[in-house]
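> Model the placement of chain E on the given structure of chain U, informed by the hints.
Protein chains: 2
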Amino acid sequence: MAKIEEFRQIIEDQIRMLDRPVRPEGLYDPVKYVLSLGGKRLRPALCLTSAALFGDYSAAVLPAIGLEVFHNFTLLHDDIMDQSSVRRNQPTVHEKWDNNTAILSGDVMLIKAYELMAKSPVGVLPQVLEVFNKTATEVCEGQQFDMDFEKTTDVTEEGYLDMIRLKTAVLIGASLKIGGILGGGSLRDSSLLYKFGQDIGMAFQLQDDWLDVYGSQEAFGKRIGNDILTNKKTFLLITALNRLENDSKKELLSWLERKEYLAEDKIAAVTHLFDEAEVSDLTRKKRDEFFFRALENLEKLGGNKDIKNELQTFAHDLMARAR
Amino acid sequence: MAKIEEFRQIIEDQIRMLDRPVRPEGLYDPVKYVLSLGGKRLRPALCLTSAALFGDYSAAVLPAIGLEVFHNFTLLHDDIMDQSSVRRNQPTVHEKWDNNTAILSGDVMLIKAYELMAKSPVGVLPQVLEVFNKTATEVCEGQQFDMDFEKTTDVTEEGYLDMIRLKTAVLIGASLKIGGILGGGSLRDSSLLYKFGQDIGMAFQLQDDWLDVYGSQEAFGKRIGNDILTNKKTFLLITALNRLENDSKKELLSWLERKEYLAEDKIAAVTHLFDEAEVSDLTRKKRDEFFFRALENLEKLGGNKDIKNELQTFAHDLMARAR
Chain U
1 MAKIEEFRQI IEDQIRMLDR PVRPEGLYDP VKYVLSLGGK RLRPALCLTS
51 AALFGDYSAA VLPAIGLEVF HNFTLLHDDI MDQSSVRRNQ PTVHEKWDNN
101 TAILSGDVML IKAYELMAKS PVGVLPQVLE VFNKTATEVC EGQQFDMDFE
151 KTTDVTEEGY LDMIRLKTAV LIGASLKIGG ILGGGSLRDS SLLYKFGQDI
201 GMAFQLQDDW LDVYGSQEAF GKRIGNDILT NKKTFLLITA LNRLENDSKK
251 ELLSWLERKE YLAEDKIAAV THLFDEAEVS DLTRKKRDEF FFRALENLEK
301 LGGNKDIKNE LQTFAHDLMA RAR
Chain E
1 MAKIEEFRQI IEDQIRMLDR PVRPEGLYDP VKYVLSLGGK RLRPALCLTS
51 AALFGDYSAA VLPAIGLEVF HNFTLLHDDI MDQSSVRRNQ PTVHEKWDNN
101 TAILSGDVML IKAYELMAKS PVGVLPQVLE VFNKTATEVC EGQQFDMDFE
151 KTTDVTEEGY LDMIRLKTAV LIGASLKIGG ILGGGSLRDS SLLYKFGQDI
201 GMAFQLQDDW LDVYGSQEAF GKRIGNDILT NKKTFLLITA LNRLENDSKK
251 ELLSWLERKE YLAEDKIAAV THLFDEAEVS DLTRKKRDEF FFRALENLEK
301 LGGNKDIKNE LQTFAHDLMA RAR
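Keeping their order, the protein sequence lines are chains U and E. If you're matching positions, the first sequence starts at 1 in my numbering and goes up one per residue. If you're matching positions, the second sequence starts at 1 in my numbering and goes up one per residue.
Treat the hints as calculated values from the structure; they're not laboratory data. Values in this document were obtained by computation on a predicted structure and should not be read as measured data. Incorrect hints may have been included.
No more than 20 Å apart at the CA atoms, straight line, and that leaves these computed lysine to aspartate or glutamate pairs for DMTMM-like [to be verified]: (1) E/32 to U/19; (2) U/134 to E/29; (3) E/119 to U/130; (4) E/151 to U/25; (5) E/134 to U/158; (6) U/119 to E/138.
So here's chain U without its partners, still in its complex pose (with noise of 0.2 Å):
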C-alpha cells in the first residue's frame, strides 16, 4: 500500500476520535457533522508525506488533523457568506441548522484547528504556528479579496492569481511546510516543500478553472460550465474580460448582466468568447508554469527517494483529476 493511502487511514482514524466532546450538541454536533462528510483529506495526508520523508511522521499526527480542521472550518463560514446550500452533495451547516450555529461551530472549529497545532512538539512549536498564523490569516485575506471580486469585472491577472493564492496555494504548502517542519526537516527542505505546495496548488486551482470549460463532464465530476452559468469571477473569465475589446467585451459583459437565458445558450456564447480570446492555451501555460516550477522545487528536495516519488505521482494525479 502506498504511503499516502495509509495516511489516510490514520487520518479518518483520527477524526473520528474528534466525535468528544458532545455537549452542547448544537454546537458539537455540526462539527461531527462536517467532519464526516469526507473528501480527500489532501492536507493532512500531504502533511504526513512531507514528514515521513526525513523518517518519524508520528509528531506530525494531530497537527496534520489540525489542517484538516482548520479546512473545514473555512469551508463552514465560506458557505455562510457564498450561501451556498451544497457541500460534498449534502445540505451545509448553514442550511441543515441556520446561520448561528454555522457561524458558532466554526469558531470551535478554528479553536480546535488551534489545539490541535499545540500539539506539536514545544521544540518546533514556535515556527510551527509562525508557519499556521501567517497562512490562517492569508487565507481569510483570499476570501476576502474573492468576495471583493465578486462584485467588480475589473480584475487583473495579477490580483486573480493573488487571490487564488492566499484563498487556497497557501495552506497546501503550509501543510507540506509544517510536515516537513515536524519530521525533522531542514530550512532549506522545509521552505522547498512549502514552494512545492503552493505551486501545486495554483496549478490545481487553474486546472480547475480550465475545466470547468473545456473538461469533460466525465473528468470533471462536476457539471460543465458551472462557472459560466454563475459568473464564477476564474482565471478564464478575467482573462476574457482583460483581452476582449470592443463588441466582444460588450457581449460578454452583457451576458454576466443578462437574467434569462437558456444554460447552453450562455455556455456556449460565453465559450466562443473565450475561444476568441485564446483563454484556452493562455489558461493550460499559466498552470504548467506553475507545476513545472513546483516539479523542479520537488526535485532539490532532501528526504527519502521513495516518498519524494510519492509526491511525484501525487502531483500528476491532481492535475488529472478536480477537487
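Chain E alone, transformed into the frame defined by chain U:
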C-alpha cells in the same frame, strides 16, 4: 498612578499598533473599528497586573493584547448571533457593514489573538496555549448554552450558573492565570489567580443581572428593566421561574409571551413577581458567595503585596458598578 492605570496606557498603545496590515480593507477596517471603540480593557489589564505580582510583566504584554482581541472577536460574532445593532453606543460591525464582513473579520481576529498568544516565551508557551485553548472552547460552549436557554423557560439555577461561568467567568480567570504564568508565578499561584478571576467574573455577572432590576439608573449606566423587557434569561428570571408556583408562575409566563404592553407595566409587574419569589436577596446571596470566595483565594496568593491590594481594590470597584 496605580499600576492598573499604567497598564491601561500600555494596552491602548499596543492596540493602536494592530492598525496594520491594511489590505484588504473589507477585512481589516472592521477590526480596527471594533478595537477602537474602547471598553475597559479589563482582561489585558488583569493579565498584566497578575504578571506584575511576581516581578517583570513584560512577557505578558502581547498575550494580554491577545486576550482583548479574543474578547472583541466574541463580541463581534455574538452580536451577529444576537442580532444586536449597538455596541458601546456605536453600530455593530454587521450593522455598519454586513454579516459576511462581521463573520470574516471576526475570524481573522481570532487568528490574531492566537498570533499574540504565540508571542509567549517558548518555555511557558505550551502552558499558556493550553489555558487559552480550553478557555476559548468554553466561551463558545457558553454562547451555545446561552442561545439554547433563550428558547426555553426550563433552565435550572445550576445550568444558568454554568452558562455564565463558561460565557464570561472563565475568560476573566484565564486572563489572570495566563498573566501569572507569564510573570513567573508558581503553579499554585496561577491556579489561585484562576479561581479568583472566575469567581469575580461570576459575582460580576450576578451583580449585573441584579442591577438591571434593583440598581439605580445612575450606578448602572444602562436603562433599568431592559433585561425584563427583552425576556433575557438572567439569574433573577431563572430563579423566579423555578420558585413561583400556580397563578404567580402563570402570570410570569404570560408576561414572557405578551407582545403588546407598556414598558413600565411589564417592568412593574415582573419586578413584583421577582419580589414575591425573593429573588433580590437570593441573587445577592449567591453573588456574595462568589465574591467572598474570590477574596479568600486572593488572600492565599503569593506575590507583591501592593499589587495584591490593587487586585482587591479592583474587585471591589467592579462590584460597585456594571460593565
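> Are residue 119 of chain E and residue 130 of chain U close enough, with their CA atoms no more than 20 Å apart?
10 Å, holds
> Just to be careful, I want the Cα atoms of residue 151 of chain E and residue 25 of chain U compared with a cutoff of 20 Å; is the pair within it?
Satisfied, since the Cα-Cα distance of roughly 15 Å is no more than 20 Å.
> Take the C-alpha atoms of residue 119 of chain U and residue 138 of chain E, compute the straight-line distance between them, and say whether it is at most 20 Å.
Given pair residue 119 of chain U, residue 138 of chain E holds - Cα atoms ~19 Å apart, limit 20 Å.
> Is residue 32 of chain E within 20 Å of residue 19 of chain U, Cα to Cα?
36 Å, violated
> Below or equal to 20 Å on CA atoms is what counts here, so check residue 134 of chain E against residue 158 of chain U.
Violated: residue 134 of chain E and residue 158 of chain U sit about 41 Å apart, past 20 Å.
> Would you mind confirming whether the straight-line C-alpha gap from residue 134 of chain U to residue 29 of chain E stays at or under 20 Å?
19 Å, holds
Violated hints for the displayed structure, listed by number in ascending order: 1, 5.
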